[in-house]
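Chains as they are written, first to last, in our numbering: chain A, 1 to 599; chain B, 1 to 205.
Honestly, the hints are just simulated from the structure, not real lab data.
For every residue, glycine included, the Cβ atom is placed at its ideal position computed from N, Cα and C.
Careful: at least some of the hints might be erroneous.
[To be verified] Computed footprint of chain B on chain A; a stretch qualifies when at least three of its residues, placed anywhere within it, have a C-beta under 8 Å from a C-beta of chain B:
(1) 24-30
(2) 81-88
(3) 166-176
(4) 181-190
(5) 243-252
(6) 414-423
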Amino acid sequence: MPFVTAETQQRDYDIIVVGSGAGGGQSAYTLCMDGARVLMLEAGRNYSATESSMFRTPDLAPLGGASTPDKPFGFFDATVDGGWSVPGEPYVRASGEGAGRFDWWRARMLGGRTNHWGRISLRNGPYDFKPYSRDGLGFDWPIGYEDVAPYYDKVEMLIGVYGSNEGLENTPNSPAGILLPPPKPLVSDYLLAQRAKRLGVPAIPGHRAVLTRALDHKRVPALLHPGNARAQTILAADMRDRTPCLWATPCGYGCAIRANYQSTTVHLPPALKTGNLDIMTDAMVHEVTVGSNGRANGVNFVDRLSGKQRHAAARVVILAASACESARILLNSKSPRHPDGLGNSSGKVGRYLMDTVGSTLSGQIPLLENLPPLNEDGADGHALYVPWWLYREQRAGKLNFARGYHIEYGGGKRMPGAGTGAGLEWLTGGSYGRQFKEDVRRYYGSFVGFDGRGEMIPNEQSFCEIDPTVKDKWGIPVLRFHWQWSDHERRQASHMQTTFAEIIDAMGGRIPHPVKTDGAEAIAPGGSIIHEVGGAIMGSDPKTSVTNQWGQTWDVDNVFITDGAVFASNADKNPTLTIMALAWRASDHILERLRRKEL
Amino acid sequence: MDRRMTIKWVLAASASWPLLGTGVAGAFTAPTLRGYGSDPDLSQNYRPGEPWPLSLTPSQRRLAQTLSDIIIPADDRSPSASAAGVVDFIDEWLSAPYPDCQRDRGIVVGGFAWLDIEAGRRAGHDFIDLEPGAQASLCDDICDEARAGQALKEAAHFFARFRDLTAGGFYTSPIGRLDLGYIGNLPQARFDGPPPALLKSLGLA
Numbered sequence: 001m002p003f004v005t006a007e008t009q010q011r012d013y014d015i016i017v018v019g020s021g022a023g024g025g026q027s028a029y030t031l032c033m034d035g036a037r038v039l040m041l042e043a044g045r046n047y048s049a050t051e052s053s054m055f056r057t058p059d060l061a062p063l064g065g066a067s068t069p070d071k072p073f074g075f076f077d078a079t080v081d082g083g084w085s086v087p088g089e090p091y092v093r094a095s096g097e098g099a100g101r102f103d104w105w106r107a108r109m110l111g112g113r114t115n116h117w118g119r120i121s122l123r124n125g126p127y128d129f130k131p132y133s134r135d136g137l138g139f140d141w142p143i144g145y146e147d148v149a150p151y152y153d154k155v156e157m158l159i160g161v162y163g164s165n166e167g168l169e170n171t172p173n174s175p176a177g178i179l180l181p182p183p184k185p186l187v188s189d190y191l192l193a194q195r196a197k198r199l200g201v202p203a204i205p206g207h208r209a210v211l212t213r214a215l216d217h218k219r220v221p222a223l224l225h226p227g228n229a230r231a232q233t234i235l236a237a238d239m240r241d242r243t244p245c246l247w248a249t250p251c252g253y254g255c256a257i258r259a260n261y262q263s264t265t266v267h268l269p270p271a272l273k274t275g276n277l278d279i280m281t282d283a284m285v286h287e288v289t290v291g292s293n294g295r296a297n298g299v300n301f302v303d304r305l306s307g308k309q310r311h312a313a314a315r316v317v318i319l320a321a322s323a324c325e326s327a328r329i330l331l332n333s334k335s336p337r338h339p340d341g342l343g344n345s346s347g348k349v350g351r352y353l354m355d356t357v358g359s360t361l362s363g364q365i366p367l368l369e370n371l372p373p374l375n376e377d378g379a380d381g382h383a384l385y386v387p388w389w390l391y392r393e394q395r396a397g398k399l400n401f402a403r404g405y406h407i408e409y410g411g412g413k414r415m416p417g418a419g420t421g422a423g424l425e426w427l428t429g430g431s432y433g434r435q436f437k438e439d440v441r442r443y444y445g446s447f448v449g450f451d452g453r454g455e456m457i458p459n460e461q462s463f464c465e466i467d468p469t470v471k472d473k474w475g476i477p478v479l480r481f482h483w484q485w486s487d488h489e490r491r492q493a494s495h496m497q498t499t500f501a502e503i504i505d506a507m508g509g510r511i512p513h514p515v516k517t518d519g520a521e522a523i524a525p526g527g528s529i530i531h532e533v534g535g536a537i538m539g540s541d542p543k544t545s546v547t548n549q550w551g552q553t554w555d556v557d558n559v560f561i562t563d564g565a566v567f568a569s570n571a572d573k574n575p576t577l578t579i580m581a582l583a584w585r586a587s588d589h590i591l592e593r594l595r596r597k598e599l
Numbered sequence: 001m002d003r004r005m006t007i008k009w010v011l012a013a014s015a016s017w018p019l020l021g022t023g024v025a026g027a028f029t030a031p032t033l034r035g036y037g038s039d040p041d042l043s044q045n046y047r048p049g050e051p052w053p054l055s056l057t058p059s060q061r062r063l064a065q066t067l068s069d070i071i072i073p074a075d076d077r078s079p080s081a082s083a084a085g086v087v088d089f090i091d092e093w094l095s096a097p098y099p100d101c102q103r104d105r106g107i108v109v110g111g112f113a114w115l116d117i118e119a120g121r122r123a124g125h126d127f128i129d130l131e132p133g134a135q136a137s138l139c140d141d142i143c144d145e146a147r148a149g150q151a152l153k154e155a156a157h158f159f160a161r162f163r164d165l166t167a168g169g170f171y172t173s174p175i176g177r178l179d180l181g182y183i184g185n186l187p188q189a190r191f192d193g194p195p196p197a198l199l200k201s202l203g204l205a
């Protein structure tokens, strides 16, 4: 009985996993494939990618599919009951609406944010685990790239990631035979590669969790589950059921043919087939419960359908509710043994919240005007990207900020949307009538966009805590966010803008407004890139960190965290692949400890 | 935008034509409805008026039709804006309960009122009853915010926003997609990228 309710749940679970996204999905997959009995609790509703809006067009949606507060990424985005605000589940911005603004994205659905994410899957490099050792800022992780690399290999083989091995500094290669071939670039990608190269800026194939060809179901299962014939059989069957990309329709709609990675299409189906996974949706966990010995014995949750308080029991509790939600659960888990919240003897729960530094610029490229009709859907963008390329300059002290960024880039004749033809006055002089129609045809597909994605250094002023008064509609105390960028991030955002403008210029293009060289103006609000990590960072000292290298809380040995909360730094690389690799690694460790009867 | 703000806007836009007492302000009542929520049925085909009622008056819809067809008229490649359903699109947009849509409602409905007043001042008719040449002459004065004089700044802002909405409605329609030569959104066995000859002609091969 894979989907259970508060009434039908079993009593003999080895492990409770709170959350069903990248961290929870990977944890449940790894644990169940190796025989552990898992109960997964998801706060949102059940969801299947068969609900996807694949191939649906904007004219079928209200407002041409434009984004609204109800659906911030557009009507057809896969997100359910999510966004910057969730009805009835407020949070508090202690630093106000200005430079200290922090926006918290949530999704209340099975699979969480993996259903809509960008599928960009970059490995952290060796530098990214030891940032303090390199420049004296932030924290080193208690592990290095060599500890995580085998798990990057496994995750890439399991979920399917396209890309190439370029051998660039701190931009790791994957072992041969792991990456799927990258998709063909678009016209605008070829132009970027040619012109950026003249500036010494490398544009190389992106890495995304999209199947550009079928997974090798004969070879991979044995590599991922050596000696486990049952797991191999289940995985091989599941891999055969995943269809490669059909080169159309946005990944963010969710993929009913399972060509890209989302927890609901890749992690959960094989985990359910083992018979070891029970999933309970609409279960809003708010507290880890402890016995008189101070060890965890389960979780308290609100059954959202009945509104009633319920309890689930297990030998081990894994939190993978998303960085901030996991911190919230820990802080709300107060008991005589843990008066400041569970795992919080260091006072570090909620601390060192990080997002990605984001800044955006688009330009118009005359060379791309009036191109013939082209199908440029491809694999939904990100055929090429620019990894951080100025390590040497940074080491030599030539830059006024400490950490790097990569550039995500897009162009092409994509599906027209509610913004097509808007804001063209700077090019058209305000044309209307037949001339306007000609102008829109001319400029359609001639715009390119640059998104900088940079590393934020953890600081003492960016954290979340429990608000003393505000509660959500379930009566659960909510988070209050404090946020502050440092000069490192602001200067980095300014550098992004200058670089984007230089590249656009090298492409023969133009921009509508003077470039924002003031980093405070150029930087996107905290949380808005939706890469928030930290809040329960791992370390090698219980006084300055919340967990050890396995995501195991220092204070309670049977509570683990397998989401982004454990990140001790937030490299420019998008966090999801690393969340999965760390979740697999932590789950292997838990299995081993369970076998040794240590948990 | 609330009613008081809208009146202020119209006054600012055309100081010699106070609207108080003309009854125009009564058209600014904002809908007090809810949106489609955070978990709408994505499989349904939504027609304007279904998620929330349309709310423009018949005369506002006539003006929307006239103006959108001036902005996107029929030509040898595609029909006009209104033939692509743009009036319903704009009515749905301006009737939606979301903050951006409500802001646009204030701009557009206020702009409609200004347009008729200005047309009346120039030629003694509502805008839709002007000769095409007179309509164009008025549009020429407000079609570019950068060139519009201070007195016409707000009217030019309205025109720009209305042009954006017209384009949004037109190019999200099947007619608009065809007009732009969009040929994606079709399942394909493979993706080969751009033709080599095109890359060569652009100096990118």
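Against the structure, the hints:
1. Residue count for the segment 24-30 of chain A with a Cβ under 8 Å from a Cβ of chain B: 0. That is fewer than the three needed, and the coverage hint is violated.
2. Counting residues of the segment 81-88 of chain A whose beta carbon lies closer than 8 Å to any beta carbon of chain B gives 5, which meets the minimum of three for the stated coverage.
3. Under a criterion of three residues with beta carbons nearer than 8 Å to beta carbons of chain B, the stated coverage of the segment 166-176 of chain A fails, only 0 such residues being counted.
4. With a threshold of 8 Å between beta carbons, the proposed coverage of the segment 181-190 of chain A by chain B holds, since 6 of its residues qualify and at least three are required.
5. Three residues within the 8 Å Cβ limit are the bar, and the segment 243-252 of chain A against chain B gives 5, so the coverage statement holds.
6. Residue count for the segment 414-423 of chain A with a Cβ under 8 Å from a Cβ of chain B: 10. That meets the three needed, and the coverage hint holds.
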